[in-house]
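> Here is how the chains run, residue by residue.
There are 2 protein chains.
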Amino acid sequence: MQNRKTLLTEQEIPDKWYNIVADMPNKPLPPLHPGTREPIGPEALAPLFPMELIKQEVSTDKWIPIPDAVRDIYTMWRPTPLYRAYALEKALDTPAKIYYKYEGVSPAGSHKPNTAVPQAYYNKMEGVKRITTETGAGQWGSALSFACQHFGIECEVYMVKVSYDGKPYRKMMMNTWGAKVYSSPTDHTQSGRQILAQDPNSPGSLGIAISEAVERAATDENTKYALGSVLNHVLMHQTIIGLEAVEQMKKVGDMPDVVVAPFGGGSNFAGISFPFLRLNFDEGRNIRFVASEPASCPKLTRGVFRYDFGDTVGMTPLLPMYTLGHNFVPAPIHAGGLRYHGAGVIVSQLLKDQLIEARAHHQLECFEAGVLFAKTEGIIPAPEASHALATVFAEAQAAKEEGKSRTILFNLCGHGHFDLQAYDDYFNNRLVKHEVTNEDIANSLATLDTPVI
Amino acid sequence: MQNRKTLLTEQEIPDKWYNIVADMPNKPLPPLHPGTREPIGPEALAPLFPMELIKQEVSTDKWIPIPDAVRDIYTMWRPTPLYRAYALEKALDTPAKIYYKYEGVSPAGSHKPNTAVPQAYYNKMEGVKRITTETGAGQWGSALSFACQHFGIECEVYMVKVSYDGKPYRKMMMNTWGAKVYSSPTDHTQSGRQILAQDPNSPGSLGIAISEAVERAATDENTKYALGSVLNHVLMHQTIIGLEAVEQMKKVGDMPDVVVAPFGGGSNFAGISFPFLRLNFDEGRNIRFVASEPASCPKLTRGVFRYDFGDTVGMTPLLPMYTLGHNFVPAPIHAGGLRYHGAGVIVSQLLKDQLIEARAHHQLECFEAGVLFAKTEGIIPAPEASHALATVFAEAQAAKEEGKSRTILFNLCGHGHFDLQAYDDYFNNRLVKHEVTNEDIANSLATLDTPVI
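The listed protein sequences correspond, in order, to chains S and H.
All residue numbers for the first sequence refer to the UniProt record's numbering, where the first residue is 1 and numbers rise by one.
All residue numbers for the second sequence refer to the UniProt record's numbering, where the first residue is 1 and numbers rise by one.
Just chain S, same shape as in the assembly (with noise of 0.2 Å):
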């Protein structure tokens, strides 16, 4: 019997995060102040965030340890799995070499947690009573909600309106969890009324809802905010997956040629990237990095290169990130966690340094591999996850033409529990191809008066 999984002990759960910015030829270009569109420093954030993830943030040290309070909860679902995909070798027919880490083993069934626990407990460290936060699909929010829990925080959840109508399974995990959710927009922001006076029936979009979690953090002193990706203290947190997976890795006695995640805000992919992205710096391997992103909302392939805001309503610092401008409306697909108009900072600089590659999938393309990898591995995945598995079918394919093999790894960031009525739009024929064009590219960044980089 051959073995599929590789574990590893809860001794051997990562001590330190890895800070890829200590490694960067080129360091990632500073934040701007909104208004003044001066560069910022770290006290610009204070109202937001607690001063230890804010040290994090800014922080050029190689590794930062993770505390003992929060590895003891990462044993709760960590060290996660390491899969060879054999069953789905087989079906793909093809001589690469296919594993998989697997993130949905957690209580919220994704990656999400593995910097929820940490950012609930550094705001808890510091005396915070409240954190709010801005969810889509639903992932980031169950975390926040399972994390702020263990630590006696409360937490506010402002979901998209069109995902708290339609995914009300989210809803009720966050609920059981202790969290209040609101439908945004709401009345009980300024951000929200104003979206609200501008059309009462808006469905709400990510923008829109970090807009109202950020005013409410920031009107209110025992409030804190938390993002779910975007930021490098979030990618950061995440980097404990490639870590165990490079130890993973080596236990096997295999090494990846390609590593591959789907691609929102960047901490999916930074997560289990970044640690083989290291050996590439430390020990001068060759490992390329596949993003996924959806050919609906295009930013790493199409978009440009320049500062614009996280948030619709213009209240976050300016960041300097491939964008399609923070006006773009994404296509409403169901991989709601892609659907986010910019990259994070650091990804956006690896990208631009070309230490990274980009590729782009269409939904029906992502649905169709992540049908054939439920029926040959079993698990379903995510309709983010199944971006990175459109990704390792071209691999694949390439592998088979070349006649070589080669190893690919991708992060399986989620199962696809809440997601299945995407599965059921699929098998009957709901879902089209969403198609942008050019000419919505650039509508979308006339609309921009950021600056250029």
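Calculated directly from the structure, the hints in this document are not laboratory data.
All of these numbers come straight from a predicted model, not from anything done at the bench.
Errors might be hidden in some of the hints.
[Claimed, not checked] Distance windows between CB atoms, simulated:
1) 168(H) with 41(S): 46 to 54 Å
2) 152(S) with 368(H): 13 to 21 Å
3) 95(H) with 196(S): 51 to 59 Å
4) 11(S) with 43(H): 53 to 61 Å
5) 252(S) with 284(H): 52 to 60 Å
6) 15(S) with 95(H): 25 to 33 Å
7) 443(H) with 166(S): 40 to 48 Å
8) 67(S) with 252(H): 43 to 51 Å
9) 200(S) with 86(H): 14 to 22 Å
10) 58(H) with 252(S): 39 to 47 Å
11) 405(S) with 253(H): 39 to 47 Å
12) 368(H) with 398(S): 50 to 58 Å
[Said to hold, decoys possible] Calculated lysine to any residue pairs in the SDA-like style (CA-CA distance at most 20 Å, straight line):
13) 180(H) with 371(S)
14) 375(S) with 161(H)
15) 5(H) with 81(S)
16) 180(H) with 7(S)
17) 180(S) with 5(H)
18) 90(H) with 406(H)
19) 97(H) with 72(S)
20) 5(S) with 10(H)
21) 180(H) with 5(S)
22) 161(H) with 421(S)
23) 180(H) with 429(S)
24) 5(H) with 41(S)
25) 5(S) with 90(H)
26) 251(H) with 375(S)
Where a beta carbon is used, it is the ideal one built from N, C-alpha and C, also for glycine.
Let chain S serve as the given structure and place chain H on it in line with the hints.
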């Protein structure tokens, strides 16, 4: 950092199932033909099951080898983790040590694939093209869909209409694994048409769905039937849970004083209990075993031990079981997997012989326990599993009152990702205590003309 989980390697997955029949002081009474009411032999089951499963059903061998092909599929999620519930212990302020075996890591989210996989395997080996089954809440139907998909067998699931309408995600999950799912009663079996003629708006029941699935298999030579609980071979397949748990408890250096599991037809309870009960037989230990059933369907605590049918229409053999009568209609509690009028033959005999105990809990008590578990241990339990929790809480409280420690092990048989509506109903006071009167039970039993024992 304390170890929270105890793991085994894939090589440590047991290579045989434990057949408790070999060790029972009083062997089970024989099944009777539904018409003649004479004892039947294995050949009577041949229209429904492949021969290898029939052999297992009547075997008195103590150990039955697990085929390598089955063990190989088990590695998709097994060995499952054994958790020490530190956070729950603290919240309960109990001197008791609480452990749980977590079976929700399977692709279908419960312990059910432990038997679905070998059942599909033996059918495949004997050339069966199609398997039919029934499902209530959907745990079993999902598991069989997953297993059949793996072996390329068609799967037809008769899903109780109220669940089909109320739990669409379960249906979509089965569809994703390629199964056909029908809302039972249907108009394409005689049993279904008979029910619909009486009541065109019948909400269906597990008993009716069993009648439909059995009829379909009995009348098509390429089709067999599979059952998710009750039968001897099903219970035996589930002993993989307890066999692993015995090894894990040994690794921890502890041993349970009491083993607890939810009780529907018996496979969940048998799975974790029998390998520890073997230690009582073989090593003279004094481990206690408590089956947790819903107060609204109290066959173990308030039923009678006599012959009864497994289904509503009366197509199955008569089995010697604790039963409320096959016409008993349990209240519509969310723990659909426990809404069954009877108990498996082996478990019934063990209860009669006082080798195991039973305890009933109403659903409000169970959800209260389930919510505290979710808030402390993170995992949201299936409503079925929350029944075990209610017993665990009572045992932990008893330990506290005695001022002595005791070691409690329970089977966390599945997660509640598809049952969040139940939690929402609980939080919003839409659930009630369903009381069953002695008159209700007497009335149901009065309809029986089956042999008394």
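> Decide, hint by hint, whether the structure agrees.
Hint-by-hint comparison with the structure:
no.: 1; hint: 168(H) with 41(S): 46 to 54 Å; verdict: 51 Å, holds
no.: 2; hint: 152(S) with 368(H): 13 to 21 Å; verdict: 19 Å, holds
no.: 3; hint: 95(H) with 196(S): 51 to 59 Å; verdict: 54 Å, holds
no.: 4; hint: 11(S) with 43(H): 53 to 61 Å; verdict: 55 Å, holds
no.: 5; hint: 252(S) with 284(H): 52 to 60 Å; verdict: 44 Å, violated
no.: 6; hint: 15(S) with 95(H): 25 to 33 Å; verdict: 32 Å, holds
no.: 7; hint: 443(H) with 166(S): 40 to 48 Å; verdict: 44 Å, holds
no.: 8; hint: 67(S) with 252(H): 43 to 51 Å; verdict: 26 Å, violated
no.: 9; hint: 200(S) with 86(H): 14 to 22 Å; verdict: 49 Å, violated
no.: 10; hint: 58(H) with 252(S): 39 to 47 Å; verdict: 43 Å, holds
no.: 11; hint: 405(S) with 253(H): 39 to 47 Å; verdict: 44 Å, holds
no.: 12; hint: 368(H) with 398(S): 50 to 58 Å; verdict: 55 Å, holds
no.: 13; hint: 180(H) with 371(S); verdict: 16 Å, holds
no.: 14; hint: 375(S) with 161(H); verdict: 26 Å, violated
no.: 15; hint: 5(H) with 81(S); verdict: 14 Å, holds
no.: 16; hint: 180(H) with 7(S); verdict: 35 Å, violated
no.: 17; hint: 180(S) with 5(H); verdict: 31 Å, violated
no.: 18; hint: 90(H) with 406(H); verdict: 14 Å, holds
no.: 19; hint: 97(H) with 72(S); verdict: 18 Å, holds
no.: 20; hint: 5(S) with 10(H); verdict: 8 Å, holds
no.: 21; hint: 180(H) with 5(S); verdict: 31 Å, violated
no.: 22; hint: 161(H) with 421(S); verdict: 19 Å, holds
no.: 23; hint: 180(H) with 429(S); verdict: 17 Å, holds
no.: 24; hint: 5(H) with 41(S); verdict: 42 Å, violated
no.: 25; hint: 5(S) with 90(H); verdict: 33 Å, violated
no.: 26; hint: 251(H) with 375(S); verdict: 35 Å, violated
The earlier numbered hints that this structure contradicts are 5, 8, 9, 14, 16, 17, 21, 24, 25, 26.
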